[in-house]
Structure formats: C-alpha cells, structure tokens
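Knowing the structure of chain H, use the given hints to seat chain A on it.
If you read the sequences in order, they're chains H and A. With the numbering used here applied, the first sequence corresponds to residues 1 to 241, in that order. With the numbering used here applied, the second sequence corresponds to residues 1 to 445, in that order.
Because the hints were derived from the structure by calculation, they are not lab data. Values in this document were obtained by computation on a predicted structure and should not be read as measured data. Glycine residues also receive a C-beta, built at the ideal position from the N, C-alpha and C atoms. You may find that some hints are simply not true.
What the hints assert, rightly or not - Just the calculated beta-carbon pair ranges, DEER-fashion:
| no. | chain 1 | residue 1 | chain 2 | residue 2 | range |
| --- | --- | --- | --- | --- | --- |
| 1 | A | 415 | H | 180 | 29 to 39 Å |
| 2 | A | 413 | H | 214 | 24 to 34 Å |
| 3 | H | 229 | A | 332 | 24 to 34 Å |
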Amino acid sequence: MEKALVVENLKKSYGKLEALHGISFEVAPGEIFALIGPNGAGKTTALRIVATILQPTSGTAHVYGMDVQKDAARIREIISYLPEEAGAYKNLTGLGYLSFMAELFASDPAIQHEYVQRASDITGLGERLRDKIGTYSKGMTRKLLLSRAVMTRPKLAIIDEPTSGLDVVAAIDIRESIRRTAADGMAVLLSSHNMLEIEYLSDRVAVIDKGTIHDVGTPQGLKEKYGKTNLEEVFVQVVRQ
Amino acid sequence: MRRFFVVLRKELKEMLTWQTLIPILLVMVLYSFLGRVINQEQKKQAAPQALAVVDLDRSQTSEMLAGILTKANFKVTTYTEGVVGDIVRKVASEKGAAVLVIPQGFEAGINARKPQTVQTYTILRSFSLLGMQGTFKLDAALTAMNDSIGDMYIKTGAPGLDPAIVKHVISAQSFVTVGGASAEGDPQAIVSVVMQQTMVIPIVLTLVIILAAQMIAASIAGEKENKTLETLLSTPIARGALVTAKMMAAGIVALVSAAAYMVGMKSYMGSLIGTSSGTSATVGQAIQKLGLVLDLRGYVLLGLSVFAGIMVALSIAVILGAFAEDLKSVQILITPLMMMVLLPYLMTMFIDINTTSPILKWFIYAIPFSHPFLAAQFIFAHNFTMVVAGIVYQFALFFVLATVAARIFSTDRILTMKLNRGGRASRLGGWTLQREGVSLRIRRK
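Extracted from the complex, chain H is given alone in its bound form:
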C-alpha cells in the first residue's frame, strides 16, 4: 500500500542555523502520526516542508509518491495545513471564510456547498457562523480553522499544535474532531509539545529534539520500551540518552 508520507534524511538550514539535521519517518493512510518535542525542536519546520511552504535544504519528502518540491502544486490539491495559532480574516463571517476556502479547492458549486456544510457541522458553532470572525473567541476560531482543514477530506492533514492556548473543553472538542475525521481514512501529521494530548490522539509518535528524531513508536510501545508510565517521562529519558 502506498504510504501517505515518506520523509527521508530531511535537512533545513536558516543561514548558519540548522533546524533539521536529517530526519526520516513514514505515515500510513488513516494513521495519526505525531512529532513530539519542546519548542524549537524543529517540529514546525518539518510540518511546513511537508505542507510545501518551505523548501528543504536537502533530503526528500513524498506525499502519496509526489515530491514536495517538484510536485508542490499537485500536493496542495490533496493536503490541508493548519499552522499553530493561525488566525482567519477578521472582516469575513465564519461562513464567508469557509466559502472562500471551499472555492479555492473546488470549482463545482455543489462540491463547495458540500464542503461548507461539512465544516459547519464539525464546528458546532451554529448561528455564530454568520457573525464576523473578529467577534470569535480563540477556541471558536480554532474550531473554525480545524473544520476548514478537514472539510475537503484531504488525504493528508498537517496540524501544528492543534490545541495550544485553548481551554480544556475546547481542547477536548478539537481532539475528538481530529479522531473522528481520521477514522474516515485521512492521514494526519501533527505536532505538539503536550505529551498527554499526543498519547490520547496518536497511533505513532516520533520524539524530536534539536532537529533530530531520537525514537519512533506507538505510545504504548515507547512506554514499555523505556519502562515509563507516560510519554513525558519517555521523552525526558530519550533526550537524556
């Protein structure tokens, strides 16, 4: 079966600073794969390269067999990317924003309508979707953006810190949404520094620190391998080694 994502020896430098020292991992279709690590570990850089908005210094990344550099335009048709703490256009209403994004992905009005309908259902914002985004709380905006990211049924969703800065209730809502949509066969690449969240959400995780992946496995497998009770302790152990 073709892999959703294959990353091989990926390197990225910003001037003298090398953010990624050659990382490799794979994500299968329908799998939720997480990069866990502290701030500045290189998670966002890796996600941006897969989302085709940064170019790697060396190494490759293939999304369903397509190269992120050579086939960027084709990859953008089948992925969606949700940056950390992203905003939306404050002058648009929630519905206006969803329609705008739907029109960028599909030319058929019926399909656009279907996308907007699906996103509206996922947000759970109801009538508030008719209000301007400027009036939304952080949690509402994040729900809107997440529903936007999954409304096109992308084959790969790239989600950076899905719940950072959100309260507990909003965070649980978001995690539920990701779980449900992944069950439909969508592959998810996400990053987080919240290890408990990752433990709940992910099928497999990669421990990344200072631009290097130290270990990859299922949360359960990693806990057993290092003899720890949670991923936070695993992370500390892996990084110390």
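Same frame as chain H, but now just chain A:
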C-alpha cells in the same frame, strides 16, 4: 484563473470596508467644502472695498475724485470735517478698508500743475493669505485718480487730442505659441488654466500611490501576522495568481480613491487658482487651438502612465511587504517608497526638466514615479516621445519587479525574509533586513 478571482474578491472585501471608505469620503467632502469656502472668500474680496475719503479741500476737483473712485469700484464715504485721527479710528471700528485724505489746497496745486500728495491709511485686520490679498488696493485708487487728472491736463493743454491715444498709443495683440500652433490670447490666463490641470494630477497621484502601497504591504504583513498567509500558501492557488490578485485589489481600491480625491481636489484647486471668475471664451478657444487640453490621446497616455506608476509602486510594496513580520513594521518598510514618490513630486514642481543639468535630469528620469508627474507637462508641450518612453520604462521596470515579487512568493523567502528588530541589531540601534542569514543593516541614528 477562477482561483485568482476568488482571492481578488476576498481581498476587495477585506480592503473595501467602512474603515477604509469613510476616510476617503471624508477627504473628498472636506476638500469640496474647503474649495467652496475659499470661493466664497474670494467673491467677498471681489466686492467693492469700503473707502473713506476725508476731503479737507472741499473743492470741485476733490469732489470729482470721489466720483472717480466710486466708478473704480470703491464704496466711497466722504467726510468734509473732523480730525483725521478720529475718522481713521471710526472707519477702522466700522470694518472699512482704508482712509484717503485729500489735503487743503489740493485743487490749487493741481491747477498750478504742481505734484500733490494724498495720505492713505490702510487698515490691516487679517493676516491670512486671502485676508492679505484683500488689503486696500492702493495702486488701483491712485491709478484711477492720476488717469482722471492726466486726462484733464491733456484735454485742456491739447484740445482735440484723445487722452487714450496719448497714453496708450501702442497696444499689444498677444499670441501664444506651443509647438507649431499659435493662438491669440492672454499668456497669463492660459498659463493659469494649464497649471490648474497639471497641478491636480501629481497631488492625487502621490496620495494614491502611497495609499495603494500601504494597503498591499499591510495586506501581506497582516496575513503574515495572523498566519493566514501560511494557510493560503498551502492551498492550490498558483503563487503568481495570488500576488496578482492582491496587487489588482489594491490597484482597484487605489483607483476608486483616486476618483474620489480627484473630485474633491478639483473643486479645491479650482478655487485656489481662480477659475471662479470662469475661463473666458477667448482663453478657452486659445487653449483648444494650442492643444493644451487633454484630448482622447492625451487622456490615454496620461492614464497609462499613471496606471504604470501605480503598478510599479505596488510591485515594490509587495517586495517590501514580504520583509514585514507584522503590521507595525509596514510603516518603516514603506518609507523608502514614500521618499521615492515625494522626491520627484517636489522636483518636477520646482525644476524645469528641459533646462536642468543632465545628471539631475537623468536622476529624475530614473525614478519611475517622475513619469506620471511629467506626463501632463510633456503632453501639453507635444513631446509625445518622452511620454511613451516613460511609459515603456515604467512597464519594463514593473515586469522586472513583478518577477522578483512572484519569485519571492513562489519560494519560501516569503516566510523567511524579515525585517528584524532584535538581538544584536537592536542593541546596536539599527534595523536589519534578513534572509536566511544574509542580512542588510540599516543604521538608525
């Protein structure tokens, strides 16, 4: 193409909000209002001035002079007795413009053909530009009086001779020549009408270029700050279409505001240059004949030059906007562009491009925004080669800059270039433009 229009529509929705439209409408209304007020003030100035004549001579001649002054459009009040100082104070308190004192023995002196002196008291009340313009027209009053006495001398000294011929035996029939065409008319009146046409364009253009540039740079910086740009870049819209849609939206908003400013400005400038009195029919005909009005070809050329200028500004603003990390840094980044617009604006106003030194001339030509400012001047001077050359230069520059802008957007430079105010640079008191480690420092004194 479809995705291009989707983004264009969204950009217009973002840019054309009440927050942006109200200031534009306000400027339009304000300038129209200002123009109307100045017009009214000027009409007030054109009304007869109140002049008090203190006739201490009480003679036929002095009485006649009061009549002459009335004819010369002064509102004359005559006093035949009283102390001059008291009268001046009284007139001043009653908002009169001036007091003219005809001394005792004036008629006797005139009859003896001896030079005579009258005293005038000019009452200054306002020191505004228009108020000072309205200061007592002493020259007009003196000329009227001297003319009438002079006519009297000629009539008595050389009967049968027409005083008008004695004083103005030579008169001029004036023609104005532009390029190959000549037409009869008053040069000053013609110059003032042409100036009105050429002055409005640069003012409006300067405002519009700065507005458009700020809008697009702010749009890019805003998208970076909100991280909506990252989302947009990961969608299937072509990067070229994204940049073009953004530029076109800013261009459309700029043109809408240009039209609004033009309406307000035209009324304001019209009153300043004094078309309130109306362009006389002969001046109008002369201007037509000399080709000093913009015909269809003129409008097309001027329009193209202005359009090219706006496009160059937008492409520069896109590149500068790419360095911005947030809305705050837009102002700093856009400053060099503003300088580039203001410099030729001032220079083309005060420097005659035809006679200035070659170095300065080519320096002005090299600035792309000089060309729309100069276009009207060149069109009126029938120098179409220069207009076309200017347009070609601007479009060539636009294509180079637009390519650079599209290149920035199609690579990850759009996210990695930044105006950095922090760390070492900040401690040294400066700004750095950074791109993946390559940095340019701008020293801040």
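Structure-based check of all given hints:
{"no.": "1", "hint": "A:415 / H:180: 29 to 39 Å", "in the structure": "holds, 31 Å"}
{"no.": "2", "hint": "A:413 / H:214: 24 to 34 Å", "in the structure": "holds, 31 Å"}
{"no.": "3", "hint": "H:229 / A:332: 24 to 34 Å", "in the structure": "violated, 52 Å"}
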